[in-house]
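Asks: Letter by letter, the chains look like this.
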Amino acid sequence: MTGWASRYGAPPWHLAVMVCCFALALYAGWRLVQGDPVGVALWFVGAALLHDLVLLPAYTALDRGARAAARRVRGVRRPGGAAGRERGTGNGPPPAGHLRVPATVSGVLFLVWAPLILGPAPAYERTTGLPPDGFGTRWVLITAALFAASAALYAARRAIAGRRRRHGRT
Amino acid sequence: MDGSEDRPRGPDAAPRPPPRPFPARLRGLARSGPPHGPSRPEFWRSPLRGPWLTSVLGAVLLVGIIVLFTTGLLSYAAYNPGLAAVNDRTPGKGILGGYLFDWPTDPPWLYRLTQGLHVTLGVALVPVLLAKLWSVVPKLFAWPPVRSSAHAIERLSLLLLVGGGLFVFTTGILNIQLEYLFPGSFYPLHFYGAWVFIAAFAAHVVLRFATMVRSLRSRGAPAEPRTPAAGAATEPDGGTGLVAPAPDPATVSRRGALGTVLLSSLALLAVTAGQSLGGPWRETALLAPRGRNPGTGPNGFQINKTAAAAGVGAADIGARWRLTVRGGGREVVLTRSEVAALPQATAALPIACVEGWSTGDQEWSGVRLRDLAALVGLGERPPGVFVESAQRSGAFRAAALSAAQTGDPRSLLALKVNGADLSADHGSPARVIVPANPGVHNTKWVTVLDFGGAA
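In the order they appear, the protein sequences are chains A and B. Going by the UniProt record's numbering, the letters in the first sequence line up with residues 1 to 170, in that order. Going by the UniProt record's numbering, the letters in the second sequence line up with residues 1 to 455, in that order.
Hints listed in this document are in silico derivations from the structure and should not be mistaken for laboratory results. Just so we're clear, the structure is a prediction, and the values are computed from it rather than from any experiment. From the three backbone atoms N, C-alpha and C, an ideal C-beta is built for every residue, glycine too. Mixed in with the good hints there might be a few duds.
Claimed, not checked - Pulled from the structure, derived: some chain A residues nowhere near chain B, Cβ distances all over 10 Å:
hint, residue
1, Ala61
2, Ala148
3, Ala152
4, Ile160
Stated by the list, open to error - With beta-carbon atoms standing in for the labels, derived distance ranges:
hint, chain 1, residue 1, chain 2, residue 2, range
5, A, Gly119, B, Gly241, 41 to 49 Å
6, B, His36, A, Gly35, 38 to 46 Å
7, B, Leu62, A, Phe110, 23 to 31 Å
8, B, Asn418, A, Gln34, 39 to 47 Å
Stated by the list, open to error - Here are some chain B residues the structure puts well away from chain A; computed CB gaps all over 12 Å:
hint, residue
9, Val63
10, Val213
11, Gly241
12, Ala374
13, Gly452
This is chain A alone, in the form it adopts within the complex (with noise of 0.2 Å):
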């Protein structure tokens, strides 16, 4: 790198690229604060501080208290532990898994049709002539739905994991 690219930190055509960069989302960007600056502001800054420092950190809490109870619930020591350490008894497919997919699908689903979920805007029925009931309701049930299947999901892979088992050994 030349003199000035190591003071830069970068090749001249990343300042290229981020002066493109900065140029257009100024253009934009001035265009889009017309209305309500801090509002806009706000929000922008606001959606990324809300998603990295909130919801991303609430999730992987979430995640890890449920496994750290699992674990208690199920009585196995936390350290060392090799064998069945998120598997339990070391008895079949391992849990966990059929725990988190449904509750990250359902997780999902809930935070893209939360306002409907939890009781769409007075306008909605006025606006639509829908009826604005049952989008709770239907969550619940699918929600409840993807747990059901993925415990069916659980006990056949346990009733094979648990047949090949015996046949392996006889």
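Using the hints, position chain B against chain A.
Replies: Then chain B, alone, in the frame of chain A:
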């Protein structure tokens, strides 16, 4: 899974870096202060993070966001913003409207397709977006926060990328649920927000494309998903700063993680797409705003805005309703029965909304717009028409149609739909219906057709 931490590491496991000599450590501290909390690389424990996972998600978003941006631009073009002020929600667009073109009337399902794709794909990409952000979150806290001028300016562009992406997705997702919480009118926020986002997105693609391709090639996209859970931890970092130096044992494989993302996207698709497919599929849109019909019978299809919501009362559309046809210096005023006595035509056309929902073809019948132009002597080569509604206030109470739209033989001032008179909610006594036109430009409760006029 099963205690992978006790297994011998594979040959591609990153060796632990030797401790740096003391003077270098001291200099490091003096320059940037000690990293702590999430700024320590060891804070991040998931063995899944690494260039391969980020690149897979990035590749999906690369394609998806190009489709979203393109269909979004098409939606703006579909409003024909150049025709009249009422058609343009973002009149200050400047060069951002440089691509605009006359929106065609063929195929008649064009807007149904582009806007259904825009909204449904946007909804289905939410899990991919979230997973992508999760995969790179250690970089947010990377220490030192600024390594060079280049790093600083690039981080600023990443704020536009992440903030812009979340802003555009959030405004879109709220708008389709009629939850107008955002600070201002949806159109400028979503349109200009998308341009800010795409500026940062394009720069990010230029700067990271080679890394993405290299990461995908090095692991081999078809081979990677078969990696068993226990092997998920090991991947060379390649200078990306994504791989956890001291990972926890894997509780899920990369295949499992990607599968969960895919399943979430498919679930969103399953509870959403029906509102755009229409017909028997509508019932499958269990959580989407337009997953049910507002009744049965000829008028039992989706209503964008009811008469009550638009403030149109019985007096506006009852016996005293008149249609004024203007143009070429002439004016004709007609009652409903006089309009009904004109030659009637039929056309099977859908209704498609900017919110992504649409209906299948409905059988509209009424008077061709070009026949109405002929009433004021403009039938040979009908110009565009400025349409006004009995709706007194609110957005889209008027719209301008292009000459091509006016001249299309399927463009009607409809009095009937599916064999019955229009209901009040569908624009009784007369509404415009034009092939491939965004729903809100198919003006309801029409009172004035001004051929060659504009406002």
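Asks: So, for every hint listed, does it hold in this structure?
Replies: Tested hints:
1. Ala61: Consistent with the label, alanine 61 of chain A stays out of reach of chain B, its closest Cβ about 13 Å off (over 10 Å).
2. Ala148: holds, 15 Å
3. Ala152: holds, 16 Å
4. Ile160: It holds; isoleucine 160 of chain A is separated from chain B by about 17 Å at its closest Cβ, greater than 10 Å.
5. A/Gly119 x B/Gly241: 41 to 49 Å: Taking Cβ atoms as reference, glycine 119 of chain A and glycine 241 of chain B lie about 43 Å apart, which means the hint holds.
6. B/His36 x A/Gly35: 38 to 46 Å: For glycine 35 of chain A against histidine 36 of chain B, whose Cβ atoms are near 41 Å apart, the range 38 to 46 Å holds.
7. B/Leu62 x A/Phe110: 23 to 31 Å: Given a distance of about 27 Å, which is inside 23 to 31 Å, the answer is holds.
8. B/Asn418 x A/Gln34: 39 to 47 Å: holds, 43 Å
9. Val63: holds, 20 Å
10. Val213: Label holds. Min Cβ-Cβ 17 Å, cutoff 12 Å.
11. Gly241: Given a closest Cβ separation of 15 Å, the condition holds.
12. Ala374: holds, 36 Å
13. Gly452: Non-interface label stands for glycine 452 of chain B: nearest chain A Cβ at 31 Å, farther than 12 Å.
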